[in-house]
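Residue numbers (UniProt numbering), protein chains in the order written: chain D, 1 to 437; chain L, 1 to 260.
Calculated from the structure, these hints are not laboratory results.
For each residue, glycine too, the CB sits at the ideal point set by N, CA and C.
Take these hints with a grain of salt, some might be off.
Only pairs whose alpha carbons sit at most 30 angstroms apart, straight line, appear in this in silico DSS-like list of lysine-lysine [what the hints assert, rightly or not]:
id	chain 1	residue 1	chain 2	residue 2
1	D	Lys435	L	Lys6
2	L	Lys49	L	Lys18
3	L	Lys206	D	Lys250
4	L	Lys199	L	Lys184
5	D	Lys147	D	Lys343
6	L	Lys184	D	Lys62
7	D	Lys25	D	Lys43
8	L	Lys37	D	Lys435
Chain D is faced by these chain L residues, among others (derived, beta-carbon under 7 angstroms) [unchecked claim]:
id	residue
9	Ser28
10	Asp34
11	Arg70
12	Gln78
13	Ala159
14	Ile208
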Amino acid sequence: MEYIPNIIFAVILIVGIGFFARNIKKLIRNIKLGQEVDASDNKPQRWKNMAYIALGQSKMVKRPISGFLHVIVYVGFIIINIEVLEIIIDGLFGTHRIGLSILPNTVYGFLIGTFEILAVLVLVAVSVFWIRRNVIKIKRFLSSEMKGWPKSDGNIILYFEVVLMALFLMMNATDTEFQNLGIGNIISQCIAPLFDGVSPEGLSAIERTAWWLHIVGILIFLNYLYFSKHLHILLAFPNVYFGKVEPKGKFNNLEAVTAEVKLMMDPDADPFAAAPEGAEDDVPAKFGASDVMDLSQIQLLNAYTCTECGRCTSECPANLTGKKLSPRKIMMDTRDRLEEVGKNIDANNGEFKDDGKQLLGDYITNEELWACTTCNACVEACPVSINPLSIIMDMRRYLVMEQSAAPMELNTMMTNIENNGAPWPYNQMDRLNWKDE
Amino acid sequence: MSEELKVPTMAEYMAEGKQPEILFWVGSAGSYDDRAKKITKAFVKILNKAKVDFAVLGTEESNTGDVAKRAGNEFLFQMQAVMNIEVLNAYEVKRIVTCDPHSFNCIKNEYPGLGGQYEVIHHTQFIEELIASGRLTLGGDTYKGKRITFHDPCYLGRANSVYDAPRDVLKKTNANLIEMKRHKGTALCCGAGGAQMFKDAEPGNKEINVLRTEDALETQPEIIATGCPYCNTMMTDGVKFKEKEAEIKVMDIAELIANA
Ligand code: SF4
Ligand code: SF4
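Let's have the full structure, built from the sequences with the hints guiding it.
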């Protein structure tokens with residue numbers, strides 16, 4: 001009988017982590033639906049980016065208020081979770097505050113004291129976040145793509161954090177033994193008097209309840225991630241690592257096109273020659289992207305990492321002037337479609353069954369794609385190195401090369417380049433006329 | 001322009017069996033667009049003044065393909081690129097300067113993958129170099145104390161992190177350089193990039209160039225300095241839209257320096 005709590009704890013832990021592992025597996029499978037890309041270059045720069053941008057939050061603090069608050073929540077959350085280690089050991093082995101018997105009292109007190117202070121800071125930061133989202137109504141949280149689930153998601157996370165922090169403080173405040181030690185209870189000693197009239201049994205019951213709810217809450221949170229923009233707390237790291245390390249203006253040259261252009265330009269090429277061995281598999285079925293499977297694995301990882309913060313959209317010249325384009329929506333659409341494809345695969349025994357839908361048209365419209373000035377403001381603004389522009393470009397490529405669906409004026413411009421090497425209908429032979437004008 | 005401009009071509013150099021120090025890539029706008037041609041000539045004036053041994057491709061130059069690529073036509077881009085690379089390589093070109101950030105970005109970043117390896121610099125970088133090495137001296141106080149604001153071209157700034165060269169050059173004129181609220185990394189696009197120059201904008205509530213002009217007007221400038229022929233057109237139109245063309249001039253840095 002005395003082991004029942006340990007067993008229950010172990011079961012809850014296994015179920016919680018098991019579900020989480022299943023979600024992660026699904027996530028990886030979905031990302032692998034994308035095209036493979038080689039990102040083995042520039043390793044030192046990639047690690048550096050990860051250290052500065054993901055771990056160091058260097059881009060977050062470009063907006064000082066939200067950046068500073070975010071750093072508090074981020075640091076607080078990571079550090080307080082060291083406490084979870086103790087909870088897990090205590091839960092599995094039936095100990096109580098194992099840290100006290102391992103560490104010197106002063107060290108333990110210092111740790112818990114730090115956690116308590118951080119918990120309060122997190123509570124403050126989270127409250128300000130909530131006010132920014134719901135009372136001050138900062139513009140970037142109000143766009144049309146932020147209605148419904150994305151809006152609730154943003155708030156749910158904040159409530160989660162409030163509850164978890166409150167439980168942590170409560171658990172400490174009602175732990176008579178811990179309070180009597182008088183170390184590290186910097187904050188909880190102010191809460192403890194609230195329970196003055198409660199009997200020792202009552203206190204212990206509250207303490208146990210808070211303790212259980214805290215760990216169960218953390219496991220629920222872990223499993224909530226997959227459905228939330230909060231996936232970024234894990235994915236920001238790999239995503240920044242795989243982020244662009246070349247100049248932002250450098251767009252990739254499509255290799256399949258290079259092969260065809262070479263053939264066209266080479267007078268010696270034999271158009272009837274058999275394709276070299278294996279070449280058939282190398283040629284993609286289409287140029288550009290019309291659905292998530294045509295995008296690269298990095299672009300799909302981008303979509304799962306997007307925090308929906310809207311920093312990209314708030315700097316986008318098209319969006320600022322009332323056009324439909326919103327780089328954040330491009331990322332959210334990509335994730336939504338990828339999820340839809342993933343569910344389709346789940347429902348059809350691991351095979352994707354054509355559902356008559358695709359990213360282009362059903363999620364992202366031509367109008368959005370053509371509004372982009374390729375200015376890279378979104379890429380620069382993103383705190384986790386997401387590149388919405390690359391998705392826009394790949395979809396434009398599909399529109400132009402597979403569907404010949406460019407706006408008419410652009411077709412005229414391109415015909416001019418083809419015919420006379422300039423976007424306007426001037427004669428190639430007049431290229432140097434300016435010098436005598 | 002009163003003085004005679006000296007604009008030798010690569011073919012002429014070749015005929016004499018010589019190599020110029022640098023190739024000036026004029027670009028399509030710089031060759032054909034009336035406003036941009038003035039920038040081209042201003043830059044040549046600087047090159048002549050600094051006695052730079054340069055050449056142009058002239059009628060052998062073709063569109064870089066940059067705008068086709070941004071429009072999504074990778075085929076056309078690569079055809080243009082391969083054609084230009086063939087010409088450039090035949091002349092054994094090593095170093096290229098251009099007044100067009102789009103050509104700059106395209107040749108610098110996208111040509112290497114197709115066989116075209118060159119050192120490419122923007123004209124503001126080259127001017128900076130000429131001043132630093134003492135080959136170009138700025139006389140007179142044409143711009144002393146004048147309020148000038150610089151609009152970062154996306155393809156020079158964010159795309160290639162060149163923020164300082166144009167500013168350093170402007171400071172050399174003793175002008176009073178005033179930054180817009182959005183500048184350098186957060187500069188707002190003029191609205192021309194990504195092939196927008198060649199089409200009407202999608203429905204919205206404002207033109208991008210007007211918004212950017214408003215950014216510039218906030219600094220109460222006498223001159224809006226640009227470093228890209230397309231930005232120049234967009235900002236010029238924006239200033240006209242705001243009916244400020246009598247008070248505010250939109251000038252490329254090459255034009256500013258040519259008169260300094
Ligand atoms: S690159 Fe396109 S989507 Fe991104 S900010 Fe510029 S215009 Fe907007
Ligand atoms: S793409 Fe980046 S900047 Fe844009 S909403 Fe997502 S995380 Fe924020």
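Verification of the hints:
For the proposed pair Lys435/D and Lys6/L, the alpha carbon gap of about 8 angstroms is at most 30 angstroms, so the pair holds. Of the supplied pair hints, the one linking Lys49/L and Lys18/L holds, its CA atoms being roughly 21 angstroms apart against a limit of 30 angstroms. Taken as a hint, the Lys206/L and Lys250/D pair is honoured in the structure, with Cα atoms around 29 angstroms apart against an allowance of 30 angstroms. Restraint check: the Cα-Cα separation between Lys199/L and Lys184/L comes to about 26 angstroms, which is no more than 30 angstroms; the hinted pair holds.
Between Lys147/D and Lys343/D, the direct Cα distance comes to roughly 23 angstroms. Compliance with the 30 angstroms bound is thereby established for this hinted pair. With a C-alpha separation of about 13 angstroms, the suggested pair Lys184/L and Lys62/D falls inside the 30 angstroms cut-off, and the hint holds. With a CA separation close to 26 angstroms, the supplied pair Lys25/D and Lys43/D stays within the 30 angstroms bound. The hinted pair formed by Lys37/L and Lys435/D meets the criterion: a straight-line CA distance of about 9 angstroms does not exceed 30 angstroms.
With a cut of 7 angstroms, the hint placing Ser28/L at the interface with chain D holds, because the nearest CB-to-CB distance is about 4 angstroms. A cut of 7 angstroms between beta carbons decides the hint on Asp34/L: the least distance to chain D is about 9 angstroms, and the hint is violated. The criterion of a C-beta within 7 angstroms of any C-beta in chain D is met by Arg70/L, whose closest approach is roughly 5 angstroms, and the hint holds. With a least beta-carbon distance of about 4 angstroms to chain D, the hint placing Gln78/L at the interface is held under the 7 angstroms criterion.
This hint holds: Ala159/L has a C-beta 3 angstroms from the nearest C-beta of chain D, less than the 7 angstroms allowed. Interface hint at Ile208/L: satisfied, since its Cβ lies 5 angstroms from the closest Cβ of chain D, which is below the 7 angstroms cut-off.
Violated hints amount to a single one, hint 10; each of the other numbered hints is respected by the structure.
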